[in-house]
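Protein chains in written order, with our numbering: chain Y, 1 to 345; chain L, 1 to 284.
One thing to keep in mind: the hints can contain errors.
Derived DEER-like restraints, expressed as beta-carbon distance ranges [said to hold, decoys possible]:
{"#": "1", "chain 1": "Y", "residue 1": "Lys133", "chain 2": "L", "residue 2": "Val195", "range": "40 to 46 Å"}
{"#": "2", "chain 1": "Y", "residue 1": "Val70", "chain 2": "L", "residue 2": "Gln101", "range": "27 to 33 Å"}
{"#": "3", "chain 1": "L", "residue 1": "Gln101", "chain 2": "Y", "residue 2": "Lys133", "range": "30 to 36 Å"}
In silico SDA-like links for lysine to any residue, alpha-carbon gap of 25 Å or less [stated by the list, open to error]:
{"#": "4", "chain 1": "Y", "residue 1": "Lys133", "chain 2": "L", "residue 2": "Val202"}
{"#": "5", "chain 1": "L", "residue 1": "Lys196", "chain 2": "Y", "residue 2": "Arg101"}
{"#": "6", "chain 1": "L", "residue 1": "Lys196", "chain 2": "Y", "residue 2": "Ser130"}
{"#": "7", "chain 1": "L", "residue 1": "Lys99", "chain 2": "Y", "residue 2": "Ala344"}
{"#": "8", "chain 1": "Y", "residue 1": "Lys133", "chain 2": "L", "residue 2": "Leu179"}
{"#": "9", "chain 1": "Y", "residue 1": "Lys111", "chain 2": "Y", "residue 2": "Pro152"}
{"#": "10", "chain 1": "Y", "residue 1": "Lys74", "chain 2": "L", "residue 2": "Thr200"}
{"#": "11", "chain 1": "L", "residue 1": "Lys196", "chain 2": "Y", "residue 2": "Ile150"}
{"#": "12", "chain 1": "Y", "residue 1": "Lys74", "chain 2": "Y", "residue 2": "Ser25"}
{"#": "13", "chain 1": "L", "residue 1": "Lys196", "chain 2": "Y", "residue 2": "Gly14"}
{"#": "14", "chain 1": "Y", "residue 1": "Lys74", "chain 2": "L", "residue 2": "Ser193"}
{"#": "15", "chain 1": "L", "residue 1": "Lys196", "chain 2": "Y", "residue 2": "Gly93"}
{"#": "16", "chain 1": "Y", "residue 1": "Lys133", "chain 2": "L", "residue 2": "Pro204"}
{"#": "17", "chain 1": "Y", "residue 1": "Lys107", "chain 2": "L", "residue 2": "Leu183"}
{"#": "18", "chain 1": "Y", "residue 1": "Lys133", "chain 2": "L", "residue 2": "Gln280"}
{"#": "19", "chain 1": "Y", "residue 1": "Lys107", "chain 2": "Y", "residue 2": "Ser130"}
{"#": "20", "chain 1": "L", "residue 1": "Lys196", "chain 2": "Y", "residue 2": "Lys268"}
{"#": "21", "chain 1": "L", "residue 1": "Lys196", "chain 2": "Y", "residue 2": "Gly104"}
{"#": "22", "chain 1": "Y", "residue 1": "Lys153", "chain 2": "L", "residue 2": "Ala131"}
{"#": "23", "chain 1": "L", "residue 1": "Lys196", "chain 2": "Y", "residue 2": "Ile67"}
{"#": "24", "chain 1": "Y", "residue 1": "Lys133", "chain 2": "L", "residue 2": "Tyr276"}
{"#": "25", "chain 1": "Y", "residue 1": "Lys74", "chain 2": "L", "residue 2": "Phe198"}
{"#": "26", "chain 1": "L", "residue 1": "Lys99", "chain 2": "Y", "residue 2": "Gly14"}
{"#": "27", "chain 1": "Y", "residue 1": "Lys167", "chain 2": "Y", "residue 2": "His122"}
{"#": "28", "chain 1": "Y", "residue 1": "Lys153", "chain 2": "L", "residue 2": "Thr182"}
{"#": "29", "chain 1": "Y", "residue 1": "Lys111", "chain 2": "L", "residue 2": "Phe199"}
{"#": "30", "chain 1": "Y", "residue 1": "Lys74", "chain 2": "L", "residue 2": "Pro194"}
{"#": "31", "chain 1": "L", "residue 1": "Lys196", "chain 2": "Y", "residue 2": "Ala132"}
{"#": "32", "chain 1": "Y", "residue 1": "Lys133", "chain 2": "L", "residue 2": "Pro181"}
{"#": "33", "chain 1": "Y", "residue 1": "Lys268", "chain 2": "Y", "residue 2": "Ala344"}
{"#": "34", "chain 1": "Y", "residue 1": "Lys111", "chain 2": "L", "residue 2": "Leu179"}
{"#": "35", "chain 1": "Y", "residue 1": "Lys74", "chain 2": "L", "residue 2": "Leu92"}
{"#": "36", "chain 1": "Y", "residue 1": "Lys153", "chain 2": "L", "residue 2": "Lys196"}
{"#": "37", "chain 1": "Y", "residue 1": "Lys107", "chain 2": "L", "residue 2": "Phe198"}
{"#": "38", "chain 1": "Y", "residue 1": "Lys107", "chain 2": "L", "residue 2": "Tyr276"}
Bear in mind the hints are in silico, worked out from the structure with no lab data behind them.
Ideal Cβ positions, reconstructed from N, Cα and C, are used throughout, including at glycine.
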Amino acid sequence: MSGLNLNHVTKQFGNFTAVNDVNLSVPDGTFVCLLGPSGCGKTTLMRMIAGLDLPTGGSIELGGADITAVPTHKRDLGMVFQSLALFPHLTVGENIAYSLRIRGTPKDVQKKRVDELLAMIHLSGFADRSVAKLSGGQRQRVAIARALAISPKLFLLDEPLSALDAKLREAMQVELRQLQQRLGITTIVVTHDQREAMTMADTVVVMNGGEIRQAAAPVDIYRRPADSFVADFIGQTNLLPVAADSAGRASVLGEVVEGISLPAGAAKGMLSVRPEDVQLTAPGHGAIAGTVTFIRDLGGAIETFVEAGGTQVIAVSSPRNRPDVSVGQNVGIRLDPATSVVLAR
Amino acid sequence: MRREPPQRLADYGPLFFPAGMLTVFFVVPFATMIAVSFFQREQGGFYTPAFVFDNYARFISLFFGKVLGFSLFLAVAVAIACVLIGIPFTYLLSRSARKIQIVWLVVLLSILSLSEVMIGFAWSTLFSRTAGITNLFVWLGLMAQAQALTPSFGAVMTAMTYQAFPYTVLVLYPALVRLDPTLTEAARTLGASPVKAFFTVVVPALRNTILATLIMVFIFALGSYLLPQLLGRPQHWTLSVLITDQAIYQSNMPFAAAMAVFLVLVSLALVGLALYAGQQRQAK
Numbered sequence: 001m002s003g004l005n006l007n008h009v010t011k012q013f014g015n016f017t018a019v020n021d022v023n024l025s026v027p028d029g030t031f032v033c034l035l036g037p038s039g040c041g042k043t044t045l046m047r048m049i050a051g052l053d054l055p056t057g058g059s060i061e062l063g064g065a066d067i068t069a070v071p072t073h074k075r076d077l078g079m080v081f082q083s084l085a086l087f088p089h090l091t092v093g094e095n096i097a098y099s100l101r102i103r104g105t106p107k108d109v110q111k112k113r114v115d116e117l118l119a120m121i122h123l124s125g126f127a128d129r130s131v132a133k134l135s136g137g138q139r140q141r142v143a144i145a146r147a148l149a150i151s152p153k154l155f156l157l158d159e160p161l162s163a164l165d166a167k168l169r170e171a172m173q174v175e176l177r178q179l180q181q182r183l184g185i186t187t188i189v190v191t192h193d194q195r196e197a198m199t200m201a202d203t204v205v206v207m208n209g210g211e212i213r214q215a216a217a218p219v220d221i222y223r224r225p226a227d228s229f230v231a232d233f234i235g236q237t238n239l240l241p242v243a244a245d246s247a248g249r250a251s252v253l254g255e256v257v258e259g260i261s262l263p264a265g266a267a268k269g270m271l272s273v274r275p276e277d278v279q280l281t282a283p284g285h286g287a288i289a290g291t292v293t294f295i296r297d298l299g300g301a302i303e304t305f306v307e308a309g310g311t312q313v314i315a316v317s318s319p320r321n322r323p324d325v326s327v328g329q330n331v332g333i334r335l336d337p338a339t340s341v342v343l344a345r
Numbered sequence: 001m002r003r004e005p006p007q008r009l010a011d012y013g014p015l016f017f018p019a020g021m022l023t024v025f026f027v028v029p030f031a032t033m034i035a036v037s038f039f040q041r042e043q044g045g046f047y048t049p050a051f052v053f054d055n056y057a058r059f060i061s062l063f064f065g066k067v068l069g070f071s072l073f074l075a076v077a078v079a080i081a082c083v084l085i086g087i088p089f090t091y092l093l094s095r096s097a098r099k100i101q102i103v104w105l106v107v108l109l110s111i112l113s114l115s116e117v118m119i120g121f122a123w124s125t126l127f128s129r130t131a132g133i134t135n136l137f138v139w140l141g142l143m144a145q146a147q148a149l150t151p152s153f154g155a156v157m158t159a160m161t162y163q164a165f166p167y168t169v170l171v172l173y174p175a176l177v178r179l180d181p182t183l184t185e186a187a188r189t190l191g192a193s194p195v196k197a198f199f200t201v202v203v204p205a206l207r208n209t210i211l212a213t214l215i216m217v218f219i220f221a222l223g224s225y226l227l228p229q230l231l232g233r234p235q236h237w238t239l240s241v242l243i244t245d246q247a248i249y250q251s252n253m254p255f256a257a258a259m260a261v262f263l264v265l266v267s268l269a270l271v272g273l274a275l276y277a278g279q280q281r282q283a284k
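Bound conformation, chain L alone (with noise of 0.2 Å):
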C-alpha cells in the first residue's frame, strides 16, 4: 500500500507524541547530561555551572582506556556470543512443531522478567562452591571436589549471555520463520549437506538480521554494570561500573557524566561503521 506523504503540518500530528515524550525523557535528560560533563567540580561532592575540559582530560588515561576498552570487549564477545547460540537455536526452533515454539518463546519471555539483580544472584549461587553446580558434577563422579567457579570472567560472561539471550531470540524469530524452507532444500537437491546449506544459505539469506543482532546486544551489553559486579574481578568491571561508582560513591557528577558522554559517542561510532561495513557489503 502506497500513500501520499502529508502535506500539511497537521498530517504530522500522530508524530508529536512520541516526539514529545522523546524530548521530555531523552533529549533533555541527555543535553543535561552533556553540560553537565563540562561543569566545574566542587570539593565535597557539589559542582558550578562552567565550561572546561578537566573531566574529559583525567578521562584519558591508561586506566579508563583499559576498562573502556575491556567495556567494549566484553559487549561485542557477549553479542557474538549470543549470536553464535542464538541462531542455529532459532533456526531449529522455527522447524519444530507449533506447541514446542510456544513452551521455548514462553520460556524465554520469563527470563526477560527477571530482574538484573535475580539473574546476578542465581548465578552467583550457581557458580559457587557451596552449592553451586560443580556439587552436581561431583555426584556425578565428573570432578574431584567442588569448586567456585565465580568470580572470573566465564561467570561474567556466561550470566550476561543468559540475560540478552532472549532479546536475540525475540529479533532473530520472526526473520527466520519468514525463510522460505525451500531454500535449504533447494541447496540440498544442488549437492550441499545440511549443514553446508545451513551456512552457504540461512546465514548470509540473514545477514541483515544477523548485523541488527549483533548491535542491539551489543549496546545491551555495554550498559550492563550489576553483572559485572557480582560476578567478576575487579579487572572485569566495565565503564558502567565506574560511572556508576563516581556518580553515586564518588558524587563526581561531571566527571561521571563525562564518561557516559564518551560511552555514548564510542558505541554510536561503532554502530555506525558496522552498518556503514553492511552496506558496503550489500553493495559490492
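Extracted from the complex, chain Y is given alone in its bound form (with noise of 0.2 Å):
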C-alpha cells in the first residue's frame, strides 16, 4: 500500500500523552491538513512523520516501507518550519540547492534545479541575494522552495503562514495548493487555522487532546460534524440541547422540530445549527420563542444574536435579506433539519 500510512501512533512525554493511537491513511498526491487548538498534538504528530521525535508506540509506513525507526535525513521528505529555518550564513540559492550539495550533487545540476525552483517560486534572478533582505513572503517562498529541491515522496508544512499578515497568508494559501496540486505531491499541513485547512486541504484532520476526531473533506467536515468539538471549532456553529418528549419526538429549547430525531436509545443530544442556516420569523406557528439581545452589521454579512430558553442562538444574513428587527423584540426561530445536525451531548 503506498502513501503514507500512520497505524496505532502514539507519543507520550513522561506521564502525557501528546498523541494517542492515532490512525491515518493520506494515500498519493493528497493535501491533508491538521488542524486543533494548540496542544493538540498535531505538530508533535508531523514531528514523528519528519522523525524528529520518535513515537512511543505505533508505526509509521512511507510508500509501503516501514520508517518508523528510520533516522529523518534518511526519510525522502521535505519539511518547511513554522520560523523557516533558513540558514542565515547562505544565500538564497544556496539555501535551495543544501539539501543537493549534501548528496553530492554536481554543481552544475544544482544550479539548474535552483534556477528552475526560483523560477516556481517567481524569485529568478534572487540566488545570490542573503535571505536576511527578504520579505516575509519571500522568504516563505525559498523555505518551499528549499524543501522541494529533492523532489521529496512527502512535503510537510508546520504552521507554515503563521508569521505572514492577513492578506499576504489568504495569497499564499491559494498559491500553495495550486503549487501541490501541480506537483501532485504528498503534502501535509499542520494549521490551527480552520479557513487555512478549508482553503487548501483534500482532507482535513481535526485534533484535540492528541486524538483525531473526525478526517473527512472539508465541506463533510462543516456539514457533518463527528462531534461537538469539530463543529463548535469549524466556523461558528449553534449547539442547542435536543431532548426526546414524552412522544419521542425531538424538541429543541421548548419546541418540537419536525424533520430531527435522536439517535434510538438516547434521550438527549446536542444539536448543531451553522448560524448561516438560521431563520428568523414572526414568534408563534410552532417557531422557538427568543428575543433579540444584539445585532452586529459587517457590512457583508449581518449577526443576530437572539436568547432563547436560556442559549444564545446567531443568526447570519446576507445584507439582501436584512432581518427587520430591532434589539428587545420578540422573534421566532426556525431550524432547517436538513443542514442541522444531531450529536452526541
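Dock chain one against chain two, each of which comes alone in its own frame, and use the hints as you go.
Structure follows, in C-alpha cells:
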C-alpha cells in the first residue's frame, strides 16, 4: 500500500500523552491539513512523521516501507518549519541547493535545479541575495523551494503561514494549493487556522487532546461534524440541547422540530446548526420563541443574537435579506432539519 | 529602540568615568612603558631618559625571534584547542536540561576562581611520577610503570587550555543558546546526518562568534608566563617569561619594555589581520 500510513501512533512525554493511538491513511498526491487548537498534538504528530521525534508506540509507513525507526535524513521528505529555519549564513541559492549539495549533486545540476525552483516561486534572479534581505513572503517561498529541491515523496509544513499578515496569508494559501496540485506531491500541513485548512486541504484532520476527532473532506467536516468539538471548532455554530419528549419526538428549546430525530435509545443530544441556517420569523406557529439581544452589522453579513430558553442563538443573514428586527423584539426561530446535525451530548 | 545621537557635551557625561579610568590605568602606564623602551640602560639596574633604539636592536636576534615565534604558536594552539573542545561541548550543553546546564556552568565558573599558581601546581602534581595520573593508569593496567609527564609541551598545553576553557564556554554559550534549534532540524530533514548538520549549519552560522573566541583565547594565552615555567622546559618558555625575567631578575626595564611593546604590536597586528580576513569572507 503506497502513500503515508500511520498505525496506532502514540507519543508519550513522561506521564503526558501528546498523541494517542492515531490511525491515518494519506493516499499519494493528497493534501491533508492537521487542524486543532494549540497543544492538541498536531505538531508532535508531524514531527514523528518527519522523524524528529520518535513515537513511543505504533508504526509509520511511507510508500509501503516501515520508516518508524529510519532517521530523519534518510527519509525522503521536505519540511517547512514555522520559523522557516532558513540558514542565515547562506544565500537564497545556497539555501535552496543545500539538500542537493549534501547529496553530492554536481554543481551544474544544482544550479539548473535552483534556477528552476526560483522560477517556480517567482523569485528568478534572487539566487545571490542574502536571506536576511527578503520580505516575509519571499522568505516563505524560499523555504518552500528549499524543501522541494530533491522532489521528495512527502512535503510537510508546520504552521507555514502563521508569520505572515492576513492578506499575504490568504494569497499564499491559494498559491500553495495550486503548487501542490501542479506537482501532485503528498502534502501535510499543520495549522490552527480553520480557514487555511478549508482553503487548501483535500482532507481535514481535526485533532484535540492528542486524538483524531474527525478526518474528512472540508465540506463534510463543516456540514457533518462528528462531534460537538468539531462542530464548534470549524466555523461558527449554534449548539442547542435536544431532548426527546414523552412521545419520542425531538424537542429543541421547548419546541418540537419536525424532521429531527435522536439516535435510537438516546434521550438527549446536541443539535449543531450553522448560523446561516437559522431563520428568523414572526413568533408563534411552532417556531422557537426568543428575544433579540444584539445586532452586529459586519457589512458583508449581519449577525443577530437571539436569547432563547437561556441559550444564545446566532443567526447570520446577508445584507440582501436584512432581517426586519430590532434589539428587544420577540422573534421566532426556525431550524432547517436538513442542515442541522444531531450530536451525542 | 533607536535614540537620538548625543547633542551636547554633557550628553557624553556617562563616558567620562570609564574614559578617565582607561587613561589613568591603561594609557598612561602603556605610554610610560613605550617611553622607557627607548631609555638608556645603566649598569646596576638603573636607566636614564634617552631616545635610543638599542633595546629594540638587541631584541632582533634569532634567539628572541624563536621565542616570539613559539609564544605566538603556543597562543594559537591553545586558542584552537579551546575552540575545538569548546564548540561541541557548549553545543551539547546548550541542548541539555536546564539543571545540567547550571551544574556545568557553576563548575566552569569556579575554575575562574583558581589562580594561575594553583592551576600550575595542581597540574604539575597530576603529571608527576610519584603522585600523578600515570599511577592510576598503572593501577588500571594500562601502563607498566608510572612516569612523569612534566615538564613537556603537552603539559603546558593542557594546563593553559584548562585555564582558558571557562572563558571559551562563556563566550560561546550565549551564541549557541540563541541559535535556533530548528536550523539543525531543517538540515536533517534536508538530508544531513546530525554530524553533517553540525558542520554545515551550526559551525558556519557561528563563524563570527568562533573568530571572537579564537582572538580572546589567543590574547589570554599570549600573556601566560607562569604555566610555561612550571610545566615546560626552557624551550617552552614564552616571551612573557623572558619579559618577567628581564624586568624583575635582570633589572633591565628598558629591554623588558621594548619586548612588551613589540609583543603588543605583533598581537594587535595578528588580531587586525584575523578581523580583516573575517570581514573579507563575510563580504564575499
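Here is how each hint holds up against the structure:
A C-beta distance of roughly 31 Å is found between Y:Lys133 and L:Val195, which places it outside the suggested range of 40 to 46 Å. Roughly 31 Å separates the CB atoms of Y:Val70 and L:Gln101, a value that falls within the hinted 27 to 33 Å. Range check, L:Gln101 to Y:Lys133: about 35 Å between beta-carbon atoms, so the 30 to 36 Å window is met. As the CA atoms of Y:Lys133 and L:Val202 are separated by approximately 21 Å, the hinted pair is consistent with the 25 Å bound.
The hinted pair formed by L:Lys196 and Y:Arg101 meets the criterion: a straight-line CA distance of about 11 Å does not exceed 25 Å. At roughly 23 Å between alpha-carbon atoms, L:Lys196 and Y:Ser130 fall within 25 Å of each other, so this suggested pair holds. A C-alpha spacing of about 47 Å is found between L:Lys99 and Y:Ala344, which places the hinted pair above 25 Å, so the restraint is violated. As the CA atoms of Y:Lys133 and L:Leu179 are separated by approximately 19 Å, the hinted pair is consistent with the 25 Å bound.
The straight-line distance between the Cα atoms of Y:Lys111 and Y:Pro152 is roughly 18 Å, inside the 25 Å bound, and the hint therefore holds. Using a Cα cut-off of 25 Å, the hinted pair Y:Lys74 and L:Thr200 holds, with the two alpha carbons roughly 17 Å apart. The suggested pairing of L:Lys196 with Y:Ile150 holds, with an alpha-carbon distance near 18 Å, which does not exceed 25 Å. Note on Y:Lys74 and Y:Ser25: the hinted pairing holds, with a Cα-Cα distance of about 21 Å set against a maximum of 25 Å.
Under the criterion of a C-alpha separation no larger than 25 Å, the hint pairing L:Lys196 with Y:Gly14 is inconsistent with the structure, at around 30 Å. Between Y:Lys74 and L:Ser193, the direct Cα distance comes to roughly 8 Å. Compliance with the 25 Å bound is thereby established for this hinted pair. Between the alpha carbons of L:Lys196 and Y:Gly93 the distance comes to roughly 19 Å, so the proposed pair stays at or under 25 Å and holds. With a CA separation close to 19 Å, the supplied pair Y:Lys133 and L:Pro204 stays within the 25 Å bound.
A hinted pair counts as satisfied when its Cα atoms are at most 25 Å apart, and Y:Lys107 with L:Leu183 qualifies at roughly 23 Å. In summary, the hint linking Y:Lys133 to L:Gln280 is supported, as the alpha carbons are separated by about 19 Å, within the 25 Å threshold. With a C-alpha separation of about 20 Å, the suggested pair Y:Lys107 and Y:Ser130 falls inside the 25 Å cut-off, and the hint holds. For a cut-off of 25 Å, the pair hint linking L:Lys196 to Y:Lys268 is broken: about 60 Å separates their Cα positions.
Among the hinted pairs, L:Lys196 with Y:Gly104 is consistent with the structure: their alpha-carbon atoms are about 13 Å apart, no more than 25 Å. Between Y:Lys153 and L:Ala131 the alpha-carbon distance is near 62 Å, which puts this suggested pair outside the 25 Å criterion. For a cut-off of 25 Å, the pair hint linking L:Lys196 to Y:Ile67 stands: about 21 Å separates their Cα positions. For the given pair, Y:Lys133 sits about 24 Å from L:Tyr276 by alpha-carbon distance, which is consistent with the 25 Å threshold.
A threshold of 25 Å between alpha carbons decides the hint, and for Y:Lys74 with L:Phe198 the separation of about 16 Å falls inside it, so the pair holds. Under the criterion of a C-alpha separation no larger than 25 Å, the hint pairing L:Lys99 with Y:Gly14 is consistent with the structure, at around 17 Å. Restraint check for Y:Lys167 and Y:His122: the C-alpha separation of about 18 Å stays at or below 25 Å, so the hint holds. For a cut-off of 25 Å, the pair hint linking Y:Lys153 to L:Thr182 stands: about 21 Å separates their Cα positions.
Note on Y:Lys111 and L:Phe199: the hinted pairing holds, with a Cα-Cα distance of about 22 Å set against a maximum of 25 Å. Under the criterion of a C-alpha separation no larger than 25 Å, the hint pairing Y:Lys74 with L:Pro194 is consistent with the structure, at around 11 Å. Simply put, L:Lys196 and Y:Ala132 have alpha-carbon atoms about 24 Å apart, close enough for the 25 Å limit, and the pair holds. Our distance criterion of 25 Å between C-alpha atoms is met by Y:Lys133 and L:Pro181, whose separation comes to about 22 Å.
This hinted pair checks out: Y:Lys268 and Y:Ala344 have alpha carbons roughly 8 Å apart, not beyond 25 Å. Taken as a hint, the Y:Lys111 and L:Leu179 pair is broken in the structure, with Cα atoms around 29 Å apart against an allowance of 25 Å. As the CA atoms of Y:Lys74 and L:Leu92 are separated by approximately 23 Å, the hinted pair is consistent with the 25 Å bound. About 22 Å separates the Cα atoms of Y:Lys153 and L:Lys196, which keeps this hinted pair within 25 Å; it holds.
In summary, the hint linking Y:Lys107 to L:Phe198 is supported, as the alpha carbons are separated by about 22 Å, within the 25 Å threshold. For the given pair, Y:Lys107 sits about 29 Å from L:Tyr276 by alpha-carbon distance, which is inconsistent with the 25 Å threshold.
Hint check: violations occur at hints 1, 7, 13, 20, 22, 34 and 38; the rest are consistent with the structure.
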